[in-house]
Structures are given as structure tokens and as C-alpha cells.
Amino acid sequence: MIVVVGLSHRSAPVEVRERLAVAPTDLPQRLAEVKQRSRASELVLLSTCNRVEVIAAGQPEGGETPSALGSRIVDELEARAPNVRQHLYVREANAGVEHLFRVASSLDSLVVGEPQILGQLKDAFACARMASTVGPWLNRAFEHAFRVAKRVRTETTLGTGQVSIPTVAVDLAREIFSELAGHKVVLVGTGEMATLVATLLGRAGAHVVVVGRTLERAREVAQRLGAEARSWDDFPALLIEADIVVSSTSAPGYVVTLDQFAHSRRQRHGRNLFLVDLAVPRDIDPRITDLDGVFLYNVDDLSKVADAALADRRREAEKAAAIVTEETEHFLRRAHAERITPTLVALRDHFRATLESELERSLRGQRGLDDNQKESLHRALAAAVEKTLHAPTERLRAWAKDDSFGDWHTDLLLAAIEELFELREPQDQKRAASERSKP
Amino acid sequence: MSAILWSSFLLSGGSYVAACALFWALVRQRPIIRLGPKWPAHLLQLGAAFQLVYLIVFSVIDRRCPVYSLHTALGIVSLVGVLTYAVLSRGRRLEALGGFVAASAVVFLTAARSIAARPPEPNDRWLMAIHITSNLLGGGVLLVAGCAAAFYLWNETRLRNRRVLGQGTKLPPLESLDAVVHRLLWIGLPLLTIGMLTGQLVIKQAEIVTSGDKLRALLSTASWLLLLAVLALRQFARWRGRRPALVTLVGAIGVLAIIALYVGRALLGDGL
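Quick mapping for you: the protein sequence lines, in order, are chains W and D. Using our numbering, read the first sequence as starting at 1 and increasing by one per residue. Using our numbering, read the second sequence as starting at 1 and increasing by one per residue.
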């Protein structure tokens, strides 16, 4: 029985999310508190900038419903951050498992396919293990969630391809230059998007030079980027040295003309040049693209690449969702099949105990048997129990795993076995029956 | 012996085919089966290992130095290509090139299988051995250089025309391909030079010189001049990018044509 209670970028604005957020250093203490107050048997607390979630498991044998556990967690969160209740969602049982798998696979992320969430989920799980708030249920569920995330990453391209103009520009630069480190980027103008492109290129190791009509403004931007500022007069010389030019000025005409570029081209000795023109009206003469070794992309070109990647990502998200659904069913089927284990163990113990006591009683009257003979009788009896129960055990396991039989079929059989062999007390049987109907 | 020969041939071909499929899947980011990204390269190397076994066993059965048998000579070309790729691909994103190398290896392996002709024993065995060996090694290296140049031209045209590939498709960066072509020319051209010079000596010693021999000598000189021009222009005029890739491709095609003519002569007789 898994319950997920939380809020995310879908259900709550940042000012609400931040009220419930937990700092990594406070996580162990908060885990212990929530576990104690919600009376959950197992608990993991996930706190990222986009979501705060409590993933809990109740006592399967405790007769507790998932909604009761969910309500207690909601109350606990409400007590911590008043008026948060309306933003909280509660996913119980099957929906809880599916939600966990979706989160791990980055299908529920703000940017679908982003890889950070899996690492954050692994950290949250590791922290809960350290705090000893994880038991068999969450252990199984989280291990399976990590496998699902891996499968989604391997079988789809959800995490690849860029969907914003700056990241598309950086990706294209990587298709031209193997390593961006050591390459020179010239940022012409101080437009927001161009600055973002230059920032990303700088982070990838490129040397960024900012050029502006006014040196003061160029210095200001350069300082923010950790780059070098140069005056506009240096631009022709920079055009010779540059590998990437990102331009976004508000100039009414071309800032880089064909003549100007043709002049510097001779001194470039055939090195490739990637030109990113993010200005409207355009800064770079489009005729430059006819020259060898020049790759010119304007806003429309970059948007087309981003749109194609976005469409691909949507298709991949559908594939990933199908994988999550399949894996959820698989997990629940396995979990359901494992629920017959306590009854089978009880049945075996019951048979063994009954026969052992009968054997003990018979042996008491036998004086001619030595210890070895008695031991072999005990062994024969244990083997007889195993053989007798082997076929029913296997059949029960097969039925529990088989989808064509409904859950009720297995529940009915288990209830019948427990009733016929008096494996539980009457009140326990009622509780167990109600519990079995909720995964 | 023949069981080892056949099984190594089949295992080599199978490994190359599997490597080719996995490389392509890796480039397209559409995995066929759940395997790590290093598997295609490992399979390619495994194919090369099996091919080496095959070539050794074949030479033992044939009782001939591998360079005197067309069958094994063609195998050596593809083997050199695979080994060249294995060395070059370290630390570079050249998976797409790996797919082409694996495909060429399969073609060479199966093409060699269909050639059973034994060329006549040469008069000067050492000269001939040097001539064939340097041509085979040079041919293998230039085969990979030609593949890299073709890839450069394709990817460059795509980027210039702003054609969008499928999401996640990974092609080698232009700068890497340019560097690979340049490096391979430095390795391949000296080998080709030795092959060409020894070839001239072989022709001089030969009693009969066929039109095929003359054509091969002409092609080899033309290819050699083209590749030398690329290297010289790169070195002194700092040629980069599209033009050297184009000329390298033409030169590599010329070298492959020489190998094709040699194979053709063996198949069709000395008329070529």
C-alpha cells in the first residue's frame, strides 16, 4: 500500500511550494517527525524546487486504508504550512505507484525529460534509508522506479534534443566544433537571448568576448558573464579570430555585411564560423551563408530546430508514458503475487506443526527407536509436508500472477484457505480480506 | 582447420553486421537492444579479431604469404580500416563513421570470399611483398579517410542547409572529422608513396605490361598527386573544411578503384 501526498509545479505556485520545502540538512529530522505523526510504517521525503512529496507505505497487516494514511499526512503537512491543503494531491495505491514511476521517469517534470529529478529521487531515497524509514514496500517500489527511469532513458529519446533557442544554438555549435573549450565567442549587442546563448557557451568552456557600441554597457554585460569586453572598433579584428558570433543588436541595418566578412575571411584560413543572428531586423547579411565554412542561423532557423525537437519530445513522452503504465502493472502484479506468501507460510507452518505434534505423541510410546531413527522420521515428515503442499503452492502463485483471473479470485482462495485451515483469528481474517483488496 | 576457417569467417561477418546495426542505432538514438554505448565498438573489434584468425588460418591452408593472395589481401584492407577506426575513435564522437567502417568491413570480407584466383608468383618476392603490403595498409587507412571526408561533406551540407535530423541523432562534429581526415592523410600518403614507387619497379621488371597495369599506375599517380596536394595546401595555405574533404574523397575513391581493378584482373583475367 503506497500513498503519495504532495504538491508540485502543477498544483502550487512557488510561494506555496517554498513553505513546505525542506533543506537537505533538515531532511532526516523531518522524516522522523512526519513518520511518527502520520504513523506510516515507511516514508521517503522528496523536496526539490518543483515538488515536495511524501511517499509513504502503511502496515499491510494493520487493517489501515490508504486514504486514512493519506489524510494523516495531509493533516501533518497542513499543520506545518497552513492553507496548503487545497494545493495538495493524494495518490493512493495503484495511482501512487504510477505517480512515483512517472516522477522518476521525468514525465511529471516542468521540463519533461530533464535528468535531474532521478538524481534527486535517488538522494531522497538514500537519505530515507540512512534514517531507517524505508522498509520492504518502499524499497521494492523505489528500486523498480529507478529501473523504469533507466528503461525510459534507454528506450526513448526523451532526455535528448534541445527545445529552447539558446540550447539549440549551443547544440549546433557542438555539431561544428567538437569541444567548445578554447573557442572564441563574440557576443555583439546585449540582447537577453543572445546573452543567454553566450552564457551557455561560456559555461561549456568557450572564451566569450562582448562587443557593444558603448564600451560601458559591454563591460557591464561582460562582468556579469565573466567575459572580456572590447570596443566596437575591435570588431573587424575579432571577426578574424572568432569561431562563433552571437548577434542581437537593435541596429536597423546589417551589423556584419558581406564585404566586411569577405575581407576578414582571407585571414581566417578556412576555419569554420558559426553565426547566430537573434536580432529582428537581422544583424548579419544572409548572403554570407553562401560562403564556404560559414553556418548562419537566424531566429526562425533555430525555432524550426526547436519545434522539431519539441514535436519529437511529445512523441517520446507518449512512448515513455506507455512504458510507465506497463511497468506499473508489472510491479502491481508482482506485489499482488507476493501477498499470498504470508498465507502460504502460515499454511505450511500449520501442517508441519500439526503433523509434528502427532509424531511426537506417537514416538512417546515407542521405546525401541534410537535418535537417528527419530531424526529420519522427522525428516520424512518435513519432506511429506513439502511434497503435499508443492502443487497447491505453485498453482496459487500462478493464479496470483495470472491477469485473466481477477484479484477477487486470489482473495477468495486465500480467504477460503485461511478459513478452512483456521490460519487466522476471525477478526484478523476480516481485516486481511479488506487489506488484500487494496494494493 | 576448415571448421575454424568457416566459423571465424561467419563470426567475423556476424560481429561486423551487428556492430554496423548497433552503431546506426546509437547514432539515431534508437536502441535495438539494451546495451551500453561501447558495445558497437567492442563488436567491431571482436569482428576484427575473428577476421585476423580467419586470415591466419586461410594463409596456413593456402600455404602462401597473405599479401600474395587476393583473398587475404582484401581482408587486410578492411582489417586495417577497422584498426585505424579503433585508434582514432578514442575520445571522439565518431559513431557514425564506425557504422560505415563496419559496413565496409562486411563488404570487403564477403567480396574477398568470392575470389579464389591465385595471382602468379612474382619474380622478386620481396619487392612485391613491400608493394602489396604498403598498398594494402595505405588502402585501409585511406578507406577510413574517404569515409570521414564523405561524412564531413554530408554533415556540412546538412548544417548549411539547416536540415533538421531526428531528435537525438548524433553525427560526428565537423572539426573532429576534419582532424581525422588530416591525420589519416599523414599516415596513408607515405604508405601509398611506397606502394607507388615499388609498383613502378615491379612494372619495369615485368615481362608483359598489360593495359590494366598502365591504368592502375595512372590512377595511383593521379590519386597520390591529389592527396599530396591536399596535404600541401593544408600545410602551407591552411586549407580547411569542405574543399580538402572533397579532394580527399576523390583521392580515396581513386585508391579504391585501384584495388577494384586489381580484384577485377584476378576475376576476369589479365585483359584488364
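Since the hints were made in silico from the structure, they are not lab data. All values derive from a computational prediction rather than experimental measurement. A few of these clues could be false.
The calculated DSBU-like cross-link candidates involving lysine-lysine, where the alpha carbons are at most 30 angstroms apart (straight line), are [unchecked claim]: (1) W:K150 to W:K184; (2) W:K319 to W:K401; (3) W:K150 to W:K401; (4) D:K38 to W:K319; (5) W:K122 to W:K319; (6) W:K150 to W:K319; (7) D:K38 to W:K150; (8) D:K38 to W:K122; (9) W:K304 to W:K319.
Label pairs and their calculated CB-CB ranges [unchecked claim]: (10) W:R147 to D:C65: 48 to 56 angstroms; (11) D:I56 to W:D123: 30 to 38 angstroms; (12) W:H9 to D:W154: 35 to 43 angstroms; (13) W:R147 to D:T193: 33 to 41 angstroms; (14) D:V87 to W:A181: 37 to 45 angstroms.
All residues carry an ideal CB built from backbone N, CA and C; glycine is no exception.
Against the structure, the hints come out as follows:
At roughly 37 angstroms between alpha-carbon atoms, K150 of chain W and K184 of chain W are farther apart than 30 angstroms, so this suggested pair is violated. With a C-alpha separation of about 25 angstroms, the suggested pairing of K319 of chain W with K401 of chain W holds against the 30 angstroms cut-off. Among the hinted pairs, K150 of chain W with K401 of chain W is consistent with the structure: their alpha-carbon atoms are about 24 angstroms apart, no more than 30 angstroms. Distance hint between K38 of chain D and K319 of chain W is fulfilled; the C-alpha atoms sit about 25 angstroms from each other, no more than 30 angstroms.
Of the supplied pair hints, the one linking K122 of chain W and K319 of chain W holds, its CA atoms being roughly 23 angstroms apart against a limit of 30 angstroms. For the suggested pair K150 of chain W and K319 of chain W, the alpha carbons sit about 14 angstroms apart, so the restraint of at most 30 angstroms is met. With a C-alpha separation of about 17 angstroms, the suggested pair K38 of chain D and K150 of chain W falls inside the 30 angstroms cut-off, and the hint holds. Distance check on the hinted pair: K38 of chain D and K122 of chain W sit about 25 angstroms apart at the alpha-carbon level, within 30 angstroms; holds.
Of the supplied pair hints, the one linking K304 of chain W and K319 of chain W holds, its CA atoms being roughly 23 angstroms apart against a limit of 30 angstroms. The hinted range of 48 to 56 angstroms is satisfied by R147 of chain W and C65 of chain D, whose Cβ atoms lie roughly 54 angstroms apart. Look at I56 of chain D against D123 of chain W: about 53 angstroms separates their beta carbons, and that is not inside 30 to 38 angstroms. Separated by about 41 angstroms at the C-beta atoms, H9 of chain W and W154 of chain D satisfy the suggested range of 35 to 43 angstroms.
At about 56 angstroms, the CB distance of R147 of chain W to T193 of chain D disagrees with the hint of 33 to 41 angstroms. Range check, V87 of chain D to A181 of chain W: about 23 angstroms between beta-carbon atoms, so the 37 to 45 angstroms window is missed.
The structure does not agree with the numbered hints 1, 11, 13, 14 stated previously, though it agrees with the rest.
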